[in-house]
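Residue numbers (my numbering), protein chains in the order written: chain Y, 1 to 248; chain G, 249 to 501; chain D, 502 to 1149.
Since the hints were made in silico from the structure, they are not lab data.
For every residue, glycine included, the Cβ atom is placed at its ideal position computed from N, Cα and C.
Please note: incorrect hints may appear among the correct ones.
Stretch by stretch, here's where chain Y covers chain D in the computed footprint (C-beta under 8 Å, at least three residues) [as the list claims (entries may be wrong)]:
| no. | region |
| --- | --- |
| 1 | 652-662 |
| 2 | 731-741 |
BS3-like, lysine-lysine: derived pairs with alpha carbons at most 27 Å apart [what the hints assert, rightly or not]:
| no. | chain 1 | residue 1 | chain 2 | residue 2 |
| --- | --- | --- | --- | --- |
| 3 | G | Lys-351 | Y | Lys-16 |
| 4 | Y | Lys-153 | G | Lys-451 |
| 5 | D | Lys-846 | Y | Lys-153 |
| 6 | Y | Lys-107 | G | Lys-335 |
Chain by chain, the residues:
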Amino acid sequence: MGFLEERDLTDGRRLKFEIFRFNPEDSESAPHLDVFEIDEQPYMSLYIALNVIRETLDPSLMFDFACRSAICGSCGMLVNGRPALGCKTLTSALPETIRLHPLPVFKLVGDLSVDTGVWFREMVENTEAWIHAQQAFDPDGQEERMPDEVAQKIYESDRCIECGCCIAACGLANIEDGFLGAAGLNRICRFALDPRDSRDDSEWFEVVATERGVFGCIGLMACDDVCPKELPLLEHYAWLRRRALRAS
Amino acid sequence: MTRAATELPVPASEARRQLRYELISGLSGLGLAVFMWGHMLLVGSILTGAKGFDWLAGFLENYYIAQPTVVVISVLFIVHAVTASRKIPAKLEERRRMRDIAKALKRPAPHDVRDSDLAFQPHLESMLWIWQVRTGLVLLVLGSFHVLLLTVDVLTPMFGEIAGIESGSTLARVSGGLWLPYAVLLICVEFHASVGLYRLAVKWGVGSTLSRSALRRIEQVLFWAILGFGAVTLVVMAGWLDPPLAFLLDGAQ
Amino acid sequence: MKPDSMIATDVLVIGGGLAGERAAIAAAEAGLDVLILSLVPPRRSHSCAAQGGMQAALGNCVKADGDSPTLHFLDTVRGSDWGADQEVVQIFAEQAPVAVRELAHYGTPWTRVRPGTNRYHIKGETVEIDEREENAGLIMHRDFGGTAKWRACYAGAGTGHSALYALDSVVAKLGIRVWDRAEAVALIHDGSRCHGAAVRCLRTGSHSAVLAKSTVIATGGYGRVYGQYTTNATINEGGGAAIALATGVVPLANMEAVQFHPTALSPSGILVTEGCRGDGGYLLDKNLDRFMVDAEPEKQELASRDVVSRHMMRCIRDGRGVDSEFGPHLWLDIRHLGIEHLTTKLREVWDICRDFVGVDPSKELVPVRPTQHYSMGGIRVNKDGEAYNMAGLFAVGEAGCWDMHGFNRLGGNSLAETIVTGMVIGRCAAERAAGSSIDVPTSLAFDAIAAAESRANAWLSRDGAGPSVFDIRDRMAETMIAKVGIFRTGSELTEAVETLRQLLGECGEAVLQSRGPGMNPELSFAIRLEGMLKLALVTAMGAAARTESRGAHYRTDFPMRNDAEWLNRTLARWPDGAAEPILEYEPVGLIDLPPGHRGYGADERVEMRRSVEVYNGSVDTEQTRLGRLPPGGPTGSQLKWGSWRNVT
Ligand SMILES: Cc1cc2nc3c(=O)[nH]c(=O)nc-3n(C[C@H](O)[C@H](O)[C@H](O)COP(=O)(O)OP(=O)(O)OC[C@H]3O[C@@H](n4cnc5c(N)ncnc54)[C@H](O)[C@@H]3O)c2cc1C
Ligand code: HEM
Ligand code: HEM
Ligand code: SF4
Ligand code: F3S
Ligand code: FES
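If we strip away everything but chain Y, and leave its shape as in the complex, we get (with noise of 0.2 Å):
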């Protein structure tokens, strides 16, 4: 069939899993690391991998999953101390020993469970990361008309799904609280491309052009390399430093 199968050769390999384990919610628990051993199936994402675990091992272990499909952004983990989402990551193309840690950055709901949520919502909050419209919306009107060029840029864009994978692998982001990262950059720059949206270039310039924003970022380019969704993030962050030159 296709080119999984290739590599899916299921040698009936036993995996081990090493797993971090913290429940901020007990008093006896402390941040140490638990191992687990099954069997690979043909196809198993890690999704698959840590139901099993928790359905026939412990089944006290936390972690997030709800599309299981790489759009909801749920699932975001350090694999091997890498960040990557876990449904979408197939235990073929791992080695045998596989370790699982929670993102860093966000605060940690337990286990492989952080809370990603509030972080996101607070940067949508801190840019303001909705349309800003010029007029009210008209019932009876017709839609405005964009190109349909426009509409697909934004559309790249917009694909970001919060999965907070680029937030973590940052070092920036790691010690710098507050800075934005890529992900909150690209959200700047979807509005920003977006003709809609009435800010102009000075009132974009106060936001993107800080250190928490596009002039903090040093270039690490690991966001770039993690992104599970392939956002074009670094040429993303080009664009907005030209324009911020451009509006100062």
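Following the hints, put chains G and D with the ligands in place on chain Y, whose structure we already have.
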């Protein structure tokens, strides 16, 4: 992690200040990097022998090209050091954290080598940045010393009958032991400059013309080419090799 | 947001998907205080997974010329196999264009009309069509199943994602409070008026009460009752429907109407959108034969989903499926659409094929098979969205049965329903809240919290040897997929009911293994399990009782639609303490378009015996008898009687 909802937008004046910092550190870096290419070529004149070197030095000094350059470069050097190092994390703990992340961030394993951890490398660009900081600090020390030395060399003749830069003293001090700090300085400066330029290109222009991997290749070529040229120069100055291009000036005796 | 033990608000919205967020916006715009609860951050709700499109009769491209809400009405009623409430369909079709344009205003990057020559794939042929210059830049449409015109508005293959992000940005803009990782585990009510919900915090495991003047349930579908045999997210466990059922008085409607989507990936069950076929993709059997062309010469791959799914299953039963270690499947062929199309307009499909089955759809065939996808049924509400028998309780989106889908939903109608119900019903809920005050005896709230806590504690304190909750869940899922699936028979359904009853009993004996403090994922699931089993049982019993075939409900032992006896809607209530639900039936609503052939699928049916006039005469009294609360306008006031005659 919580943040005050009032942080953004910041006042335009603050935003403009950030933009200025960014421009200054970037432009001064760019300026220094471009200067370094020229500088390596000029110093490379030693490959043609002492005569060529002295002629060039004399020319630059007599026509008052060297003196203002020295001043400008010294200023750029200081300005760049100040503006660029504002990005260096202040706390040791923070620098450690950045390094740990860079190390943990391995490239995805190619599928055919899934069993081997060897296919995993620390995240390149994150590591490059850390090395940029480290080399920057070396530059701060060795570079300052060198610039000071040469500033004296270039400027003192204006106040007396002393020779400026000349092959004699250069060869003497380099072969006398300065070759070692120079070698370190050379590696650091070439690394720092080529990575810095690569990063500048990505930060301001990626996607518009060249892809990131193309830029990386250009960066590597630049690095090795100039490093190689500089190394040969250094070997000649240390006296371990006769000027290989001396024949060019043979007829000009 | 930090949980308090008691929180008051004007409008409580349970669910942060498209429907919930749109309803919350409606209430906030009316100046009310709103609180949204969600199991996950709202942007992770399952609405984000919708790919293909949202139906609205804007009529912007050439293949949509002449489209109108009336045609949309016709398609939807036919699609529903006449199970829908036609007045509701009318309201829906009229409002869908407004709601879609409003989303454009909120920022959804709809794909737009490109003027000039466009190349499309229609019924196996490549055609070039000149889109008109005067429509340049308007919202574009793609073809979907069961529609007369191209009508589905779309943003690449990420329609739900883009729409949800746009709505959530407005939620943030209006400063609407969101409490994520919070689960409504019971409604606070006095038997006839709803006052909010008891909530379990999924960060800490603690319980609180949220008191509200209006409560809106927007919890989406319950596909996880089918375990892994669903396209739904893991969070689609029917929590909203379950807590409504648990009131003992609110009925769930048409739960047996379960949609199977033709093209879910084999084996993962992840959906690839109907837009693949809408844009010209084919279904192939193992001989690479386009079997749908013979089966449905007129609509081919674009008949309604129930019809296509059945043809696919027949094809597999006839031995024309492709064998694999995960069971037989068929092929979806989208190679001819070209890589450019696949990586833009079907971008998420391309990603999914690559990431989850390792297929490059521009070169290879995609393995698909029909899989549980959507619940037409849900909490029964009147045309204002208010639940039967429970004032102040509303339901929107997939969780509700407003009933515009009847027994089969058309592709793209669900996303449109979420925002239309959110807008229309959200306003009704806001009006109701504005006109009332919170005068709840606090004991009601404390009792609700205490009951929820004691249910959780009962789980934690049960010891000994009992079955595991995951085991019960798996047996429920196997039963549902094997016996309450695409083809159903009386005997299998009876067996299913029997098994589910037994599982419900076992649920009371199941024992947990983890008892630690905090959220405890095993406990969280255990708390939902009883509700899920009840939803499964209601579904199976409804299916066993309905001795006809209508839309997605197909009985091999009663293969014909029976308008003489079954032109009605199943209502299931589960009285307090009862061992099983009570099934009752109400008329589907006023009939304007009389029952007939859908235009695809089988054309054999048992005709109505009563006249339409007599049928219509019974609607109001029958529905009121079963608990329908009086809506704002009289029944039928929003029907445009006979308007469809002008277009057929
Ligand atoms: C893969 C897929 C693709 C689809 N594609 C299309 C398409 O192209 N076109 C189309 O028209 N339709 C499509 N649909 C159907 C459509 O997406 C859904 O019907 C619709 O999004 C449901 O929206 P909703 O707002 O009602 O519920 P959801 O988006 O499912 O939201 C439910 C919300 O309720 C919350 N919740 C649930 N239970 C509780 C509880 N107990 N307490 C608190 N909160 C709770 C959840 O956290 C969530 O926020 C698709 C469906 C699937 C599964
Ligand atoms: C004096 C000692 C120096 C120090 C401490 C220093 C430090 C740094 C640091 C920390 C950065 C990263 C800044 C950022 O990411 O925003 C940087 C960037 C850079 N440096 Fe230096 N540097 C020094 C000297 C030099 C010299 C001599 C050159 C020229 C050869 C140079 C060229 C560059 C360039 C081109 C950049 C990229 C600018 C950017 O990314 O914005 N630096 N330097
Ligand atoms: C201020 C202007 C400068 C002048 C006039 C100057 C001049 C010279 C001269 C004459 C030499 C030969 C060795 C010697 O005489 O000691 C030399 C070598 C060198 N200089 Fe500079 N220099 C300048 C700035 C810098 C700076 C800013 C750097 C980097 C931080 C630098 C890095 C080097 C290196 C690495 C060598 C060794 C060259 C080689 O091996 O090819 N110089 N420079
Ligand atoms: S930019 Fe990419 S990595 Fe970052 S949050 Fe969005 S999808 Fe995730
Ligand atoms: S990793 Fe971080 S520093 Fe910038 S380029 Fe990406 S945000
Ligand atoms: S579970 Fe939704 S992205 Fe992984």
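Please count how many residues of the region 731-741 of chain D have a CB within 8 Å of a CB from chain Y and say whether that reaches 3. n = 3 at 8 Å, threshold three: holds.
Restraint check for Lys-351(G) with Lys-16(Y), where alpha carbons must lie at most 27 Å apart: holds (22 Å)
Pairwise hint evaluation, Lys-153(Y) against Lys-846(D), where the allowed Cα distance is 27 Å at most: holds (13 Å)
Check the hint pairing Lys-107(Y) with Lys-335(G) against an upper bound of 27 Å on the C-alpha distance. It holds: about 25 Å lies between the C-alpha atoms, which stays within 27 Å.
For the region 652-662 of chain D, do at least 3 residues have a Cβ located nearer than 8 Å to some Cβ of chain Y? holds (count 4)
Can the restraint linking Lys-153(Y) and Lys-451(G) be considered satisfied, given a maximum Cα separation of 27 Å? Holds: Lys-153(Y) and Lys-451(G) sit about 20 Å apart, inside 27 Å.
Violation of the numbered hints given earlier is absent; every hint is satisfied by the structure.
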